[in-house]
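**Student:** Construct the complete structure from the given sequences, taking the supplied hints into account.
Heads up: the sequence shown is residues 8 to 492, going by the numbering used here.
Certain hints may be false.
[Stated by the list, open to error] Straight line, CA to CA, 25 Å or less: simulated SDA-like cross-link-like pairs of lysine to any residue:
(1) Lys137 x Arg81
(2) Lys117 x Leu41
(3) Lys69 x Arg92
(4) Lys137 x Gly186
(5) Lys137 x Arg61
(6) Lys69 x Leu134
(7) Lys117 x Asp88
(8) Lys69 x Leu41
(9) Lys69 x Asp88
(10) Lys137 x Ala68
(11) Lys137 x Arg193
[As the list claims (entries may be wrong)] Computed Cβ-Cβ distance ranges for the label pairs, DEER-style:
(12) Asp221 x Glu408: 30 to 36 Å
(13) Pro403 x Tyr234: 51 to 57 Å
(14) Cys29 x Gln237: 51 to 57 Å
(15) Arg80 x Ser125: 40 to 46 Å
(16) Ala182 x Asp221: 21 to 27 Å
No lab work stands behind these hints: they were computed from the structure. By construction, the Cβ of each residue, glycine as well, lies at the ideal position given by its N, Cα and C atoms.
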Amino acid sequence: MRLSTRIALAVGAVVPVLVLACGWLLLTLVARDLHRAEDSHLRTRATALSHDARTLLRAAAKDRPTAEENRRRRLLTSALDVGVRLVGPDGVFSGGPQPDASVPLPHTVKGPVTVRGSGRGWRAYALPVKGPQLSGTLWVFAPDTANRAQLGVVRRRTVTTALLAAPLSGLLAWAVAGGATRPLRRLRRSAAGLDPRTSAARLEHRPTRVTEVDDLAATLQTVLARYDEQAARTAQALDTARSFSSAASHELRNPLMSMGTNLDVLTLPGLADAERATVVEDLRADHARLLALLVALRELGRGDLVEPDAFRVLDLAEPADAAVAEARRRAPDARITLDAEPAPAHCWEPGIRILLDNLLGNALAHGRDARGRADIAVTVRREAGQVVLTVDDRGPGIEPEARREVFRRFHRGPGSTGSGLGLTLAAQQAALHGGTVELGEGPGRRGTRCTVRLPAPAQGGALPLQRDWLSVTAARSQSFHKEPS
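**Tutor:** This is the structure we're talking about:
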């Protein structure tokens with residue numbers, strides 16, 4: 008059912024009820040006012056007649072017919088426009104307009120009352136008449152004007168008006184509601200042809216100055232924008248999953264083939280113990296490489312799919328301390344120092360740990376000196392509104408022309424047994440946090456310094472719209488920002 012029809016039916020049902028209620032209230036108030044006027048008049052007349060009523064009762068009690076008749080005539084003459092009925096111990100004296108004697112009157116009353124008889128209503132007022140050795144009740148009557156035909160006519164006209172108001176108010180409400188809902192119908196027609204699955208067209212709405220319609224249009228536009236965002240994120244997630252499968256199958260092929268060959272060698276009869284130990288060691292190395300590759304691919308996929316609500320303000324000194332402690336545990340022969348000051352930043356804590364763990368892992372693997380010693384220094388400080396994290400090693404360093412390539416996915420240096428994703432993960436996390444990562448010479452022009460710059464909490468912005476570190480092998484500058492492929 009259309010909204011305009013609902014409004015018309017509601018108004019058509021409510022207006023007659025309101026008319027009847029107002030008519031009933033009006034009739035009640037008018038009847039009350041009429042009763043008050045009648046009651047005041049009855050009280051006045053009863054008070055004025057009380058002396059004549061008392062004299063009449065006294066004459067009746069002394070059995071003086073002539074005086075009694077004179078007093079009765081005088082009482083009725085003084086009554087004027089009201090009916091009189093005097094009830095005493097010696098009889099009832101009545102005259103003027105009043106209900107029939109068969110109509111029962113209340114025994115005790117404290118004010119004017121309404122009595123009905125012969126199809127008419129009467130207002131009656133009783134005044135006790137007392138004196139020496141006599142008592143009686145003086146009743147005065149007047150027709151009940153609150154029940155006259157005029158009020159009946161008003162009552163009938165009120166009902167007629169209510170019956171006519173139902174269709175007329177319904178039609179008027181339908182016309183007004185139809186005009187009021189016209190902007191809503193236009194909005195429905197505009198939104199009806201939209202299909203986010205098949206078309207990129209979106210809702211175009213011009214303000215109508217109808218608050219509810221404009222708010223609804225804004226809500227629809229927001230919902231469609233969120234749909235587009237979620238559809239893009241879903242497509243990105245599917246692309247990431249496909250890329251994970253493709254990268255894993257490509258990168259795992261060689262280690263798995265090598266492991267298969269080694270397993271075949273282990274089955275050869277007469278294999279010497281030294282050769283068997285070498286083969287087992289190769290299997291362990293291949294297994295470690297497979298595990299590291301799968302972990303790196305998983306972390307790369309997590310970074311591509313992380314949501315903004317996972318970020319919070321974090322002091323980078325805390326994850327730096329935890330990462331250094333873990334690196335010391337993994338490489339007890341290495342000398343790793345940490346110099347960290349409080350440095351809050353808007354961060355995804357698991358992502359910061361991924362960045363630090365991979366930078367430290369890269370330094371431990373490639374930053375040893377000619378004697379195989381690892382001397383690594385980690386610093387965290389605040390500088391010019393940024394948080395700066397550096398990792399220095401004393402290794403052979405990286406040639407300037409090669410510093411661009413090390414951030415590529417699956418890039419491995421000569422003799423490397425790693426996954427080729429360590430620095431890619433570091434670059435990805437720096438990008439997610441709105442920062443940069445770059446490689447340079449270490450202190451004293453020895454080794455390598457990796458510098459990560461992240462914005463302070465007040466400058467933390469939205470995540471990059473394009474996050475495809477797992478799905479696209481893209482060129483990255485030394486300052487880390489990803490370039491189109």
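**Student:** Taking the hints in turn, state whether each one holds.
**Tutor:** Evaluated hints:
| no. | hint | in the structure |
| --- | --- | --- |
| 1 | Lys137 x Arg81 | holds (19 Å) |
| 2 | Lys117 x Leu41 | holds (19 Å) |
| 3 | Lys69 x Arg92 | holds (20 Å) |
| 4 | Lys137 x Gly186 | violated (75 Å) |
| 5 | Lys137 x Arg61 | holds (7 Å) |
| 6 | Lys69 x Leu134 | holds (22 Å) |
| 7 | Lys117 x Asp88 | holds (23 Å) |
| 8 | Lys69 x Leu41 | violated (41 Å) |
| 9 | Lys69 x Asp88 | violated (30 Å) |
| 10 | Lys137 x Ala68 | holds (13 Å) |
| 11 | Lys137 x Arg193 | violated (85 Å) |
| 12 | Asp221 x Glu408: 30 to 36 Å | violated (59 Å) |
| 13 | Pro403 x Tyr234: 51 to 57 Å | holds (52 Å) |
| 14 | Cys29 x Gln237: 51 to 57 Å | holds (55 Å) |
| 15 | Arg80 x Ser125: 40 to 46 Å | violated (26 Å) |
| 16 | Ala182 x Asp221: 21 to 27 Å | holds (23 Å) |
The structure fails hints 4, 8, 9, 11, 12, 15 (numbered hints given earlier, in ascending order).
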